Amino acid sequence: MVAESRRERKKQQVRNQLVEAAIRLFGEQGYERTTVAQIAAAADVATKTFFNHFGSKEDVLFVDSGRHAEIALGVIADRGPDESPADLLLRLYEAMREDFLAQSAARDPELMRSYARLLMLEPALHALALRRSLDLQRRIADALAEAYPDTLDPVSASAVVGAMVGAAQGAALRSLELGESEERFWVTTRRGVEIGLYGFGRAIFG
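Residues in the sequence shown are numbered consecutively from 1, following full-length UniProt numbering.
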């Protein structure tokens, strides 16, 4: 067990090195111009080692996708008996935000800011992130419709999830473009989520 635990820690260390190297290179020279071989070299591992951990350079940036889905579906499964769909989705957003911040705490803050900028502002990566986001949204909407069969059908569930995510992404992108501080970024994004879920009047005036 000790040897297995040591191997797992080593495996995670290598994965982290590859992720950090990829983010730095994407930020310095662009996603399209960065090769797998360059990422491996920057992480001081062989190219073969890269493919032992990731299927492509795209996968490096979305290593946490599986965990995100588990968190989101777990929140829905744990919904309160009187919790509205909007309140549940707001709680889901907070759970995802807390997970992101917890993961960020173990990494260089500037690196994580670079990661956020890449996904929002680099066209190729923004498209990839959108595709991944749509897949996750579909899973969340399906679970939400199942959790609220008397309130939501699959279409309305997809609409409310899409409204929340679209509002959050729009607010976050504008915050990055304006160069807001990290604290303001999260305030702005939360405001976007509330507008998407409750409408402008309630989100602004309570």
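Derived by calculation from the structure, the hints in this document are not laboratory data. Keep in mind it's a predicted model, so treat the numbers as computed, not measured. Beta carbons: idealized from backbone N, C-alpha and C, even for Gly. Any given hint could be a false lead.
Stated by the list, open to error - With beta-carbon atoms standing in for the labels, derived distance ranges:
#1 ASP150 with ARG67: 28 to 34 Å
#2 LEU101 with ALA41: 28 to 34 Å
#3 GLU28 with VAL187: 18 to 24 Å
#4 LEU111 with SER156: 38 to 44 Å
#5 LEU134 with GLU183: 28 to 34 Å
What the hints assert, rightly or not - Each computed DSSO-like pair below joins lysine-lysine, with the alpha-carbon atoms no more than 27 Å apart:
#6 LYS10 with LYS48
#7 LYS57 with LYS10
#8 LYS11 with LYS48
#9 LYS11 with LYS57
Exercise. Does the hinted range 28 to 34 Å hold for ASP150 and ARG67 at CB?
Worked result: 31 Å, holds
Exercise. Straight-line Cα separation of LYS11 and LYS48 no greater than 27 Å?
Worked result: 14 Å, holds
Exercise. Are LEU101 and ALA41 spaced within 28 to 34 Å by their CB atoms?
Worked result: Between LEU101 and ALA41, where Cβ atoms are some 31 Å apart, the hint holds.
Exercise. Within 27 Å, alpha carbon to alpha carbon, are LYS10 and LYS48?
Worked result: 16 Å, holds
For this session: Quickly compare the C-alpha distance for LYS57 and LYS10 to 27 Å and report which way the hint goes.
Result: 20 Å, holds
Exercise. CB of LEU111 to CB of SER156, is that within 38 to 44 Å?
Worked result: Holds, at about 39 Å.
For this session: Could you see if the CB distance from GLU28 to VAL187 stays within 18 to 24 Å?
Result: 30 Å, violated
Problem set entry | Hinted pair LYS11 and LYS57, Cα distance within 27 Å | 17 Å, holds
For this session: With respect to the beta-carbon atoms only, verify the hint that LEU134 and GLU183 lie 28 to 34 Å apart.
Result: Cβ of LEU134 to Cβ of GLU183: about 29 Å, so the range 28 to 34 Å holds.
The earlier numbered hint that this structure contradicts is number 3, and it is the only one.
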